[in-house]
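K.L.:
Sequences and hints are given; from them, build the entire structure.
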Amino acid sequence: MKRTKRTMRTMKIGIMGAKGSFSEEAARTYAQKFGIKKFTLEYLVSAENVLSAVEDGAIDIGIFAIENSNGGIVIETVHAMAKHRFKIKKLFEIDVHQNLLVKKGVTADKVKSITSHDQAIKQCRMYLKRMWPKVKLSEYADTAQAAADLASGKLPASTAVIASRAAAEVYGLDVLEESIQDLKFNFTNFIAAVRI
Numbered sequence: 001m002k003r004t005k006r007t008m009r010t011m012k013i014g015i016m017g018a019k020g021s022f023s024e025e026a027a028r029t030y031a032q033k034f035g036i037k038k039f040t041l042e043y044l045v046s047a048e049n050v051l052s053a054v055e056d057g058a059i060d061i062g063i064f065a066i067e068n069s070n071g072g073i074v075i076e077t078v079h080a081m082a083k084h085r086f087k088i089k090k091l092f093e094i095d096v097h098q099n100l101l102v103k104k105g106v107t108a109d110k111v112k113s114i115t116s117h118d119q120a121i122k123q124c125r126m127y128l129k130r131m132w133p134k135v136k137l138s139e140y141a142d143t144a145q146a147a148a149d150l151a152s153g154k155l156p157a158s159t160a161v162i163a164s165r166a167a168a169e170v171y172g173l174d175v176l177e178e179s180i181q182d183l184k185f186n187f188t189n190f191i192a193a194v195r196i
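Each residue of the sequence shown is one higher than the last, beginning at 1 in my numbering.
What the hints contain is simulated information worked out from the structure, not anything from laboratory work.
Any given hint could be a false lead.
As the list claims (entries may be wrong) - List of simulated lysine to aspartate or glutamate pairs, DMTMM-like, C-alpha gap at most 20 angstroms:
1. LYS129 to GLU55
2. LYS103 to GLU177
3. LYS89 to ASP60
4. LYS89 to GLU55
To be verified - Simulated restraints on C-beta separations:
5. VAL78 to MET131: 36 to 42 angstroms
6. GLY172 to LYS129: 27 to 33 angstroms
7. LYS19 to SER158: 20 to 26 angstroms
8. LYS37 to ALA82: 32 to 38 angstroms
9. ILE88 to LYS12: 24 to 30 angstroms
Keep in mind that this is a model prediction, so the values were computed, not measured.
Beta carbons: idealized from backbone N, C-alpha and C, even for Gly.
P.N.:
The structure is reproduced here in structure tokens:
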């Protein structure tokens, strides 16, 4: 009976990412797998924000990345987990395909810098070394946030970002190159966390 009531109301899922992030993909995968039909997504960008919201009861479930098969442990998540009380409801993985995104009409010769979340950069390090040895690399809070900021002009047009294909669609960016991660199979483990 309790379960029926819970699925009737709209569930609030908080994610570690902006619109178009891999965390959004993970949240939608989770909802589909566990039959959560009515839900809203809260784009909380960081693991810290997600776990604060879980602990405060502001969201029902928090979804955040913990580890990638190529990039290793997500350091910011480990720090956030150490500071908050929560319960792990589920550990699950999705296959992540990184893409190099640019503003409409920008060609490879115009790219002066590449930015993304530290994890995305790690997952593409051999590709970046091989294909973009002279380009400046910089870290960003979130892959999709970098895409949003490139689209809005907060980042210069000479910047390319590493993010999902969904982010390219959401923010109207071109995919300069797809599936640039070093490993063909690039799995990221996500945690679905709930309040204790």
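K.L.:
Now tell me if each hint is right for this structure.
P.N.:
We went through each hint and held it up to the structure:
| no. | hint | verdict |
| --- | --- | --- |
| 1 | LYS129 to GLU55 | violated (41 angstroms) |
| 2 | LYS103 to GLU177 | holds (13 angstroms) |
| 3 | LYS89 to ASP60 | holds (11 angstroms) |
| 4 | LYS89 to GLU55 | holds (14 angstroms) |
| 5 | VAL78 to MET131: 36 to 42 angstroms | violated (30 angstroms) |
| 6 | GLY172 to LYS129: 27 to 33 angstroms | holds (29 angstroms) |
| 7 | LYS19 to SER158: 20 to 26 angstroms | holds (24 angstroms) |
| 8 | LYS37 to ALA82: 32 to 38 angstroms | holds (34 angstroms) |
| 9 | ILE88 to LYS12: 24 to 30 angstroms | violated (18 angstroms) |
The earlier numbered hints that this structure contradicts are 1, 5 and 9.
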